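2 protein chains.
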Amino acid sequence: MKKLINQPNDVVREALAGMQEAHGDLLTVHYSPDFVIRANSPRKGKVALVSGGGSGHEPLHGGFVGLGMLDAACPGNVFTSPTPDQIEAATKAVNGGMGVLHIVKNYSGDIMNFEMAADLCRDGGIEVEAVVIDDDVAVKNSLYTEGRRGVGCTVFAEKICGAGAEKSMNLKQVADVCRKVKANGRSMGMALTSCTVPAAGKPTFDIGPDEIEMGVGIHGEPGRERMKQMTAREYVEMMGDAVVSDIPFKSGDQLIVLLNGMGGTPLIELYVLYNEFAKLCQKKGLDIARKLVGNYITSLDMQGFSISALKADAQLLDLWDAPVNTPGLRWGM
Amino acid sequence: MKKLINQPNDVVREALAGMQEAHGDLLTVHYSPDFVIRANSPRKGKVALVSGGGSGHEPLHGGFVGLGMLDAACPGNVFTSPTPDQIEAATKAVNGGMGVLHIVKNYSGDIMNFEMAADLCRDGGIEVEAVVIDDDVAVKNSLYTEGRRGVGCTVFAEKICGAGAEKSMNLKQVADVCRKVKANGRSMGMALTSCTVPAAGKPTFDIGPDEIEMGVGIHGEPGRERMKQMTAREYVEMMGDAVVSDIPFKSGDQLIVLLNGMGGTPLIELYVLYNEFAKLCQKKGLDIARKLVGNYITSLDMQGFSISALKADAQLLDLWDAPVNTPGLRWGM
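Line order of the protein sequences matches chains A and B.
In terms of our numbering, the first sequence opens at residue 1 and continues consecutively.
In terms of our numbering, the second sequence opens at residue 1001 and continues consecutively.
No wet-lab data here; the hints were simulated from the structure.
Fair warning: this is a prediction, and the values are worked out from it, not measured in the lab.
Quick reminder that beta carbons are idealized off the backbone N, C-alpha and C, glycines included.
Careful, some of the hints might be misleading.
Here are the computed lysine-lysine pairs in the BS3-like style, where the Cα-Cα straight-line distance is at most 30 Å [as the list claims (entries may be wrong)]: (1) Lys1167/B to Lys2/A; (2) Lys167/A to Lys283/A; (3) Lys1002/B to Lys283/A; (4) Lys1140/B to Lys202/A; (5) Lys140/A to Lys46/A; (6) Lys228/A to Lys284/A; (7) Lys1228/B to Lys140/A; (8) Lys1228/B to Lys2/A; (9) Lys2/A to Lys1250/B; (10) Lys1279/B to Lys2/A; (11) Lys291/A to Lys1002/B.
Residues from chain A that keep clear of chain B, each with C-beta distances beyond 10 Å, as calculated [said to hold, decoys possible]: (12) Gly18; (13) Glu21; (14) Arg43; (15) Lys46; (16) Ser55; (17) Gly96; (18) Glu146; (19) Ala199; (20) Lys283; (21) Asn295.
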């Protein structure tokens, strides 16, 4: 294993320290338990948003802490759920009296620990709602997951709900918007290579020099099929069809799209892929109203990509366009 | 070779088409000859900035076209200089009557072709100045280069000179600021793995499973030394010392820092590395006044990183902080 780290067990904490050094104007890192909160938290009179999950998906979630997005992120060990005490402490630290929304990706450990933390916070008098994102159309049930996995639409949920909270929505309204994102967003990914978890020291899965994993999960979980490698166009047609035909999206729909790199994919390839997805949408009469191309929810050093698409009405587009100022996403500022 | 592409020869043009689809609000792609210009060019009454070089370093340069940065970028084939006709056409397309600055990375082919294009433009009555960035302290003379290679400080030059042009500096003043960046910026990189050029189909260089290339160039050119792998702290100390001791930077100096990923390096590792560099600077009394952590000048899928640092006075900091709105860098908007 070749990695740019010191000791495998120190990676998460040292990366957090690096985030503090790099983005101390936007966020503050707390240790024992570990969590990242927006600078000058709590915000009185604003619904607070908390998310989290295993580390290794950066910039998700810590890189999305800041104005117009998350109030707190709870980083677990690499690919490991954060503990209830992390989530409880983060929730209490950012509670501004208007309640807290937990945005949870659908993994069994994450759900269990967020639920325990929510119960502890409610016992302490904090109103907590939780929405579970489960947008991955690749497989139903998976390693770590009952039902569909939660992946790229989490970025949409964090951005859009964060804007809603800034616009003085109450907890019920922010949670309703999150449920709208959950209902209208779909994703799928693929991998050319496995990621390597630092503490494991070897690739999570074996894959041949001419093979790809279609429908891979963000921790390297098996997808739909092990296939021979194909062209960018063929990958996008296969995944794009699966994503847009699931609800389905219909001709004339407006979409917010994320063409996402898995961490080890060069940007030049992401643009080649985005070009194919734009053509596919045009053919189907789908209007890409907003888009992101880059690394937003990654899997360590995995080479691969995912497509996420959200059917967006005027409310979702308006919240998407609202100002955001985080390490990973910034506009309107 | 596993890549997310269609045909190797189509990668650059299809990526340009993807950039047009993704960022049509900011830029316009022209073909035959190929170049990228800021939307609604030329800007009358503003000095124009043109840069370019081989493709494969995205977001550099096309991703830095937009308000407050480049007016045009000329993408060559992967790791291949753009041709004089590309540079000439781009220069003419963005000339707003106040002259054009060419920002050139120090590679023999780039210099020759930018010089030919500048002569052709001058023959056409356009005032052109050129500044060659040569910030890589790793080696003197290299494959493709006489003198030091031009690498990460090009990002500083494009941002800072772009801001100067927006602030109505004349061509001489913008070129002087560019020379100030050139004189005060230094960089060095390393690689864990080789990149693979699509048309070559195999890694540019061989490297063992426990080896690294210290001082690597952005095309995979040999560096100072082939070494056994070490820790993030040791890499940063070796490279950071080389970067800050070259001019040298002195205790009390204010720096603008770029901790840059080579394309295949996960963000979590870049934060671990940035944490080490922040500690090194603190030990040396250097004040990191501004910083970027991420992929800004890449080498396709290479795993590795580079450190760039610019000694910044009040003028350079002010220009750095000015608004920028490009696909790859955005703030103040």
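Hints versus structure:
1. Lys1167/B to Lys2/A: 45 Å, violated
2. Lys167/A to Lys283/A: Not satisfied, since the Cα-Cα distance of roughly 36 Å exceeds 30 Å.
3. Lys1002/B to Lys283/A: The hint holds at about 28 Å.
4. Lys1140/B to Lys202/A: 37 Å, violated
5. Lys140/A to Lys46/A: Violated, because 36 Å separates the two Cα atoms, which is more than 30 Å.
6. Lys228/A to Lys284/A: Holds, at about 27 Å.
7. Lys1228/B to Lys140/A: 44 Å, violated
8. Lys1228/B to Lys2/A: 10 Å, holds
9. Lys2/A to Lys1250/B: 33 Å, violated
10. Lys1279/B to Lys2/A: OK: lysine 1279/B and lysine 2/A at ~23 Å, within 30 Å.
11. Lys291/A to Lys1002/B: Measuring from Cα to Cα gives roughly 26 Å; hence the hint holds.
12. Gly18: 3 Å, violated
13. Glu21: Given that some Cβ of chain B is not farther than 10 Å from that of glutamate 21/A, nearest at about 4 Å, it is violated.
14. Arg43: Fine: 22 Å to the nearest Cβ keeps arginine 43/A off the interface.
15. Lys46: Its Cβ never comes within 10 Å of chain B, the nearest being 23 Å, so this holds.
16. Ser55: 6 Å, violated
17. Gly96: 26 Å, holds
18. Glu146: 28 Å, holds
19. Ala199: Check passes; 13 Å lies beyond 10 Å.
20. Lys283: The claim holds: lysine 283/A sits with its nearest Cβ about 14 Å from chain B, beyond 10 Å.
21. Asn295: Non-interface label on asparagine 295/A violated, nearest chain B Cβ at 7 Å vs cutoff 10 Å.
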